[in-house]
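> Based on the provided sequences and hints, a complete structural model is requested.
Protein chains: 2
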Amino acid sequence: MEKVRRNERLSAMLKTLSDTPNHIFTLSTFCEMFGSAKSTTSEDIDILRDVVTSFDLGEIATVTGAAGGVMYRATVRKSQARQYIEGLCKQLSGTDRVLPGGFLYYSDILSDPLITRKMGAILATEYFDDEPDFVLTMETKGIPVALTTAHALGVPLVIARHSSKVYEGSAVNINYVSGSSGNIQTMSLARRAISKGQRCLIVDDFLKGGGTAKGMIDLMREFNVEVIGMAFVMSTKTPVRKRISGEKSLMTLEIASHGDDQEIAKVTPAPWLLT
Amino acid sequence: MEKVRRNERLSAMLKTLSDTPNHIFTLSTFCEMFGSAKSTTSEDIDILRDVVTSFDLGEIATVTGAAGGVMYRATVRKSQARQYIEGLCKQLSGTDRVLPGGFLYYSDILSDPLITRKMGAILATEYFDDEPDFVLTMETKGIPVALTTAHALGVPLVIARHSSKVYEGSAVNINYVSGSSGNIQTMSLARRAISKGQRCLIVDDFLKGGGTAKGMIDLMREFNVEVIGMAFVMSTKTPVRKRISGEKSLMTLEIASHGDDQEIAKVTPAPWLLT
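From first to last, the protein sequence lines are chains A and B. Numbering-wise (this note's numbering), the first sequence opens with residue -9 and increments by one. Numbering-wise (this note's numbering), the second sequence opens with residue -9 and increments by one.
What the hints contain is simulated information worked out from the structure, not anything from laboratory work. Be aware that one or more of the hints could be misleading.
Copies of the same chain are indistinguishable here, so a pair counts whether it falls within one copy or spans any two.
Derived lysine-lysine pairs resembling DSS-like cross-links, with alpha carbons at most 27 Å apart [stated by the list, open to error]: (1) Lys155 x Lys80; (2) Lys155 x Lys204; (3) Lys155 x Lys256; (4) Lys232 x Lys68.
Right, dumping it as structure tokens:
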């Protein structure tokens, strides 16, 4: 094998690390990949750490000990996150996206690969330290952002369904009261999807009354799984009192009247982003 | 600003390019980012192209002309793709994952961030040249792989629903006959989700009779959108004649009897991967 130069090693190393985020790679992995010595690889990592920091591309962390090594985290600084979310709020505010009944159209935002990737990185940044074992979402609209959050955290995504499907095998079903409609609905999750004692981060697209979120917490209780956090893309300003608390949303939505027969959406960054 | 060294520039450049795949960055973007001359940036790109190729990390392409620049594509070589899919087939084959009724449990695979990312890159590799404007999927299980495919292709994801929702606004509904159950079902898509004359790549998790896929084609016809391709994670061996043709699947599923009262799943890479 030809000798690999440092600039080649660094770029291939960062690509490899960032493709599998929050996952520890041993130094040996890279020594073998490039045919270089441990001391050289350590120096490479030091340089990479500075590059990533100075260009705001996330974070390179080294983990010491027997199971040690190096990993990449797609962390987003609070100021960057705020700026990004402010841009989204601007895009979503106004009268264009308000639908009859006071709903906001933002399905396009929720399934955009680049936007959900950024939102996932922002949410993951808040939950690295809580070390969730998986991300849980309830079908359908929250799936993309839940997937990108799970990717950034280096954990699997688990999707609860509205009813149990034959191709999911034996399942745990719970009933919950939908916050918006007041109707009783069913939430279902395959038994083999998760294990007792795991730690769960709930990620979903929309929080209004909190009925669905409360249902997800109840569902996790049935599996003896601890919910370590709840994150949402959008939270409504009212009702102020929701059935859950302690959640982090990215944006707050208020629909206000705007002249005769018209409504306007006011979307603002969530308070925790402004501190 | 301190002078940025080549090894720093290259890693930051590759990270930036690969975070937004199949998107043309002008040379000026990087000249400004690093405070370097155009000639230097061109040399950087040449080195990066070789690095990416020699470590099988995808492809760096330069585009000439007024709208020219450089872009990253997460292309996967056929031999690599085959090897990866063979690994998945091994994991899915056997008796463990067969559910009553002859269904295969693979929801965990379909929502794993790393696996869906790889599957998305493999599928995108087949459709770069067809230049789709968006990826269409039908809720729910195909959403993660459709998202990763869309990300690799640098286009939005559009999700069709089982019924029109109030928060999606005016919608186009079509009825289709589900291949597996023979029941008539409804498929719905918000009018504002796509525009007339666009090109669509359909990506979904499962193909059996082809009823749902046929429904998606009909839905696109209503929007005057051309379907340029159809890709699936899993296709069943029977029925051999499906309602659609020309699709690419990653794996083929056969459920066979395996002694008394037991069934076994035989999952194999799709034929096109073996050529």
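> What are the numbers of the hints the structure violates, in ascending order?
Violated hints: none at all, because every hint is consistent with the structure.
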